[in-house]
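K.L.:
Chain by chain, the residues:
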Amino acid sequence: MSLDPATTRRIAKLARIGLDDQEIEAVRTQLGGILGWIEILDEVNVEGVPPMVGTAVNTALAPRVDAVTDGNCQDKVLSNAPDREGPFFTVPKVVE
Amino acid sequence: MLTDLTIAQAADGLRKKDFSAVELTLAHTTAIEALNGRLNAYITPMPDKALDAATKADAALAVGEAPVLTGIPLGVKDLFCTDGVKTTAASKILANFIPPYESTVTAKLLKNGAIFLGKTNLDEFAMGSANLTSAFGEVENPWHRANDPSPLVPGGSSGGSAAAVAAHLAMGATGTDTGGSIRQPAAYCGIVGLKPTYGRCSRWGTIAFASSLDQAGPMTRTVEDAAIMLGAMAGHDPKDSTSANLPVPDYRAACGRSLKGLRVGIPAEYRASGMSEEILAVWQKGIDMLREAGCEIVDVSLPHTKYGLATYYIIAPAECSSNLARYDGVRFGVRAEGATSLDEMYEKTRHDGFGEEVRRRILVGTYVLSAGYYDAYYLKAQKVRTLIRRDFTEAFEKVDVLLTPTAPTAAFRRDEKPVDPVQMYLNDVFTVPASMAGQPGMSLPIGLDSQGLPLGLQLIGRHFDEETLIAVGSGLEKAAGFTARPDLRAGADA
Chain A
1 MSLDPATTRR
11 IAKLARIGLD
21 DQEIEAVRTQ
31 LGGILGWIEI
41 LDEVNVEGVP
51 PMVGTAVNTA
61 LAPRVDAVTD
71 GNCQDKVLSN
81 APDREGPFFT
91 VPKVVE
Chain B
1 MLTDLTIAQA
11 ADGLRKKDFS
21 AVELTLAHTT
31 AIEALNGRLN
41 AYITPMPDKA
51 LDAATKADAA
61 LAVGEAPVLT
71 GIPLGVKDLF
81 CTDGVKTTAA
91 SKILANFIPP
101 YESTVTAKLL
111 KNGAIFLGKT
121 NLDEFAMGSA
131 NLTSAFGEVE
141 NPWHRANDPS
151 PLVPGGSSGG
161 SAAAVAAHLA
171 MGATGTDTGG
181 SIRQPAAYCG
191 IVGLKPTYGR
201 CSRWGTIAFA
211 SSLDQAGPMT
221 RTVEDAAIML
231 GAMAGHDPKD
241 STSANLPVPD
251 YRAACGRSLK
261 GLRVGIPAEY
271 RASGMSEEIL
281 AVWQKGIDML
291 REAGCEIVDV
301 SLPHTKYGLA
311 TYYIIAPAEC
321 SSNLARYDGV
331 RFGVRAEGAT
341 SLDEMYEKTR
351 HDGFGEEVRR
361 RILVGTYVLS
371 AGYYDAYYLK
381 AQKVRTLIRR
391 DFTEAFEKVD
401 VLLTPTAPTA
411 AFRRDEKPVD
421 PVQMYLNDVF
431 TVPASMAGQP
441 GMSLPIGLDS
451 QGLPLGLQLI
461 GRHFDEETLI
471 AVGSGLEKAA
481 GFTARPDLRA
491 GADA
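Heads up: the protein sequence lines correspond to chains A and B, in order. The first sequence: position 70 = 70 (the UniProt record's numbering), numbered continuously. The second sequence: position 285 = 285 (the UniProt record's numbering), numbered continuously.
Bound conformation, chain B alone (with noise of 0.2 Å):
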């Protein structure tokens, strides 16, 4: 099937014409009509723009010197600004907002010659480990345990992009992480999550969350499928003062990269207590694996490690209480009804357009910045987080990359959500600290646990050293061999 291709392998079809731009896009949009309904991946699917675009691919094909992606069919998170097309970060407050520009990234995608298929579903905002706080409705992952149907989270933020690249209705997505969103997600849903280092990847016209941490990245199948469209997303944008102005190296050419002497760190803090047996095993796997390609093992330490959540929570509803206060009804977005006074408008306004999550870390951030306690949290948080960009820093100074698991635990149901936010959020204990210091981060699948769910293993590497992360990514690939597919996908029955 046609769905079942990666990037590389439809990149090649469709140079040698064994398929077009306009069949291979069909092929997914038809996937599209008949799986979203349930898994809720899409909030807004674009079939006739992508065939439009697809026609447009095959006369650039049939002229030959298409760029990478010329007809792949991509999804885009739905906190991309797409030009003329619906973008909602998930919000009630955005539902009608249609963007007149377009983002870099996507824009980067475009020219690049992607088609995109349409908005993936995301947390409200960005703002979720589980998808379960979208306004339009929770993602459903597409792998569940053997013998309970029950729904199961996708992970989070960017779920409805892992759910889409997992089932099948799309070749690859593009996903934002803050504080893991897109390597949780991609654990949670048995795929590749490419985080770059903070600076790889414009953030303009990406809706803000945590303007420090924010940061673009694939969502694909394969390592080298990350690879590819990395190197269509990357590079120096004079529209994002903190996007890096260095060259974008040939990341595909990474891959399958010989391994032999590399120093891989195992960070002694990552064994937190009550990990279950089954993430320790996977991990144990993934630095077998590595030894066996010629690796060298080396124990580190992180340690403050353990800070990194409750830094994570202090710096992240900060910048998140100044990015969202855009947000007012006065130019753009959906304004409340009936308010009589200014204030009133803003208070109902943001009332009623924001989630109960959106509104605590707004509340949380206005909270640590406000006069009084900016010094006793933003500052203190701030210089903790200077300590943990200095573990990173003085662990490569030992080791050339990172391996750790990605997520705690496996995919969990719905009805298994914990009441707690701080429960919640320990999700991304994990993933939190590589993006506070800005490291450049992979989850990869490794294999299934006891009930049938995928594990996936993070790699961290060094600030801009991508490349390595996509060379022990593709090493670790081909020795484990993951080729499970989950239940709910393009052309299965079930």
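Chain A on its own, in the form it takes in the complex (with noise of 0.2 Å):
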């Protein structure tokens, strides 16, 4: 299994972790030995076999009261912000 430059370059636009050319050629020669050893599943028949979903085995989720739990606590969520203005979170300019 080899991943081509461009899909590599694709991965990493979507996960957004920006990479240099050299880290994404490392990145593709260490994707590629892993899909690699992952292909050992191609052996296994898995005709008819479900898909696990979750772990739990009580799989049925208990319906609750549908009623605010939490909240009235901005200056917690807001206490680790790495840039803000009064109330909100800031960003560089999206709209210019």
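Keep in mind that the hints were calculated from the coordinates and are not lab data. Keep in mind that a hint or two might mislead.
[To be verified] DMTMM-like cross-link-like pairs, simulated, lysine to aspartate or glutamate; straight-line CA separation at most 25 Å: (1) A:K93 - B:D343; (2) B:K86 - B:D352; (3) A:K76 - B:D328; (4) A:K76 - B:E102; (5) B:K239 - B:D83; (6) B:K383 - A:E47; (7) B:K108 - A:D70; (8) A:K13 - B:E337; (9) A:K93 - B:E337; (10) A:K13 - B:D375; (11) A:K13 - B:D343; (12) B:K348 - A:D20; (13) B:K92 - A:D75; (14) B:K239 - A:D70.
Need the complex rebuilt from these two chains, each delivered in its own frame; the hints are there to steer you.
P.N.:
Quick look at the structure:
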């Protein structure tokens, strides 16, 4: 299994991880190795096997009353903001 | 020395007024000050908070009716959010993160009177098997090979917790286990590590890696101590919809229970080729000890074992890529400087903030979930996962518990770390299948190898049957009589 540089760049873009050309090449090789190793699963016949979704043994989710259980903690929510203006998180300008 | 006591002994001593919680805590904070510079087991020691809490614990003990862990000093893996105390997940991206809330597991420990000595080191975001990926430096295993002072890895990802407990820098510690992160470091450091059934402990407030696998558990020096800690950590939590609404049994009562007639399964597939003679020998020793205790030894088969790791390395990165999407420099954590657009800020923040292994797993996960590949990788892995779980379900129709090695080797030297990530992943070959199926598992030390390093065995149980693990574990512990201690530990002259 080998990945081409364009696919590797696309994946990095989707993951929002900036990588330079050298890093793309290193990642391309390593991901290729990992994905090649994963191909061992091709040996397994999964015909008619349902996918395992969730691990909990008791899978039924319990309903609860549709009521507010938390809130009124704006200061806590904002306490770790890297940058803020008043009650807002701020980011670099998106619209000119 | 007070640092040599077990949790059970210390709880007893505190109630008999043989010593105070302040004395017990001070013994540990002093030891941490002396040894942490070398071991790097704690990212954030909390001596002042610990001593304040110890003073309050002494007041509670004086009144009587104090809960079980009152005055017991513990370490907390730096993956559990602690209110007002920096919580980093050993990542640069969370280097400045101070949670304004307490995780359910740590809140329960505090409610039970525990004292927190500090936040223990780990692989970044719990991704690693050797504690070499922490942004805050490697942890040194307190054990060393005979006549070779080179640092060994403590295992991972809960390597700081394992090293702290082994070196008597904590009486116990919390760990988390996604594919072996409690059990494998416990084996490498010669201590007990218990990964409960998925759903036994709440995941709320624990920084997520792979949500269908992550589970918190205790790391201690004895099986009884693990039972005591688990009793305090476990239980239903409405804030985690996957936490089981089941009563928490008295785990401690399972210690020393008779093992007569218990059926112990030995899975044929775990006799992997290339396993060292010494690991095979310790496994045989465990089998003999359980037979001696009246257990019936039964050969079983878990035919999809060899597909466990490959399945894991699809599922876990897929979930990690989703969970770690939240670290984007907007609401919390470290934001990279100098970006002029939003996209550039995301990409720089996530490039600079995540280490190489975390980036690699996010990228693998992104790939296997991306359009056109989802069915071939992720859906396929979920189906194989069903087969892996079926293996266990069928085996547990014939036996009550499984006995296997915990890891394929003893702790290795830092400079022996494999360069190929896939080789590194093989460390978890015996622990991953139980994680995939949600079974509870426990590692405990059985003996030393020819180089003087601890070797552990793993018990795997039925869902929500941690009691059988504790019963069998305490029987094995008694038979093995493992009393060896690492050369680097509180009060040792090494």
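K.L.:
Taking only the CA atoms, is the gap from K76 (chain A) to D328 (chain B) under or equal to 25 Å?
P.N.:
Holds, because 19 Å separates the two Cα atoms, which is no more than 25 Å.
K.L.:
Decide if the proposed pair is consistent with the structure: K93 (chain A) and E337 (chain B), CA atoms, cutoff 25 Å inclusive.
P.N.:
holds, 14 Å
K.L.:
Does the structure keep K13 (chain A) and D375 (chain B) at a Cα separation of 25 Å or less?
P.N.:
holds, 21 Å
K.L.:
Take a quick look at whether K108 (chain B) and D70 (chain A) sit within 25 Å of each other, Cα to Cα.
P.N.:
Satisfied, since the Cα-Cα distance of roughly 19 Å is no more than 25 Å.
K.L.:
Does K86 (chain B) pair with D352 (chain B) here, judged by a C-alpha cut-off of 25 Å?
P.N.:
Holds - the C-alpha atoms of D352 (chain B) and K86 (chain B) are around 20 Å apart, at most 25 Å.
K.L.:
Mind checking the alpha carbons of K92 (chain B) and D75 (chain A) for me, to see if they're no more than 25 Å apart?
P.N.:
The hint holds at about 24 Å.
K.L.:
Hinted pair, alpha-carbon criterion (25 Å max): K76 (chain A), E102 (chain B). Please report holds or violated.
P.N.:
Measuring from Cα to Cα gives roughly 12 Å; hence the hint holds.
K.L.:
Given the proposed pairing of K239 (chain B) with D70 (chain A), does the C-alpha separation stay at or below 25 Å?
P.N.:
holds, 11 Å
K.L.:
With a cut-off of 25 Å on the C-alpha distance, tell me whether K239 (chain B) and D83 (chain B) pass.
P.N.:
holds, 17 Å
K.L.:
Check the hint pairing K383 (chain B) with E47 (chain A) against an upper bound of 25 Å on the C-alpha distance.
P.N.:
The hint holds at about 9 Å.
K.L.:
Just to be careful, I want the Cα atoms of K348 (chain B) and D20 (chain A) compared with a cutoff of 25 Å; is the pair within it?
P.N.:
Holds, at about 11 Å.
K.L.:
So if I understand the rule, the pair passes when the alpha-carbon distance is 25 Å or less; does K13 (chain A) with E337 (chain B) pass?
P.N.:
OK: K13 (chain A) and E337 (chain B) at ~19 Å, within 25 Å.
Checked against the numbered hints listed earlier, the structure breaks none of them; every hint is satisfied.
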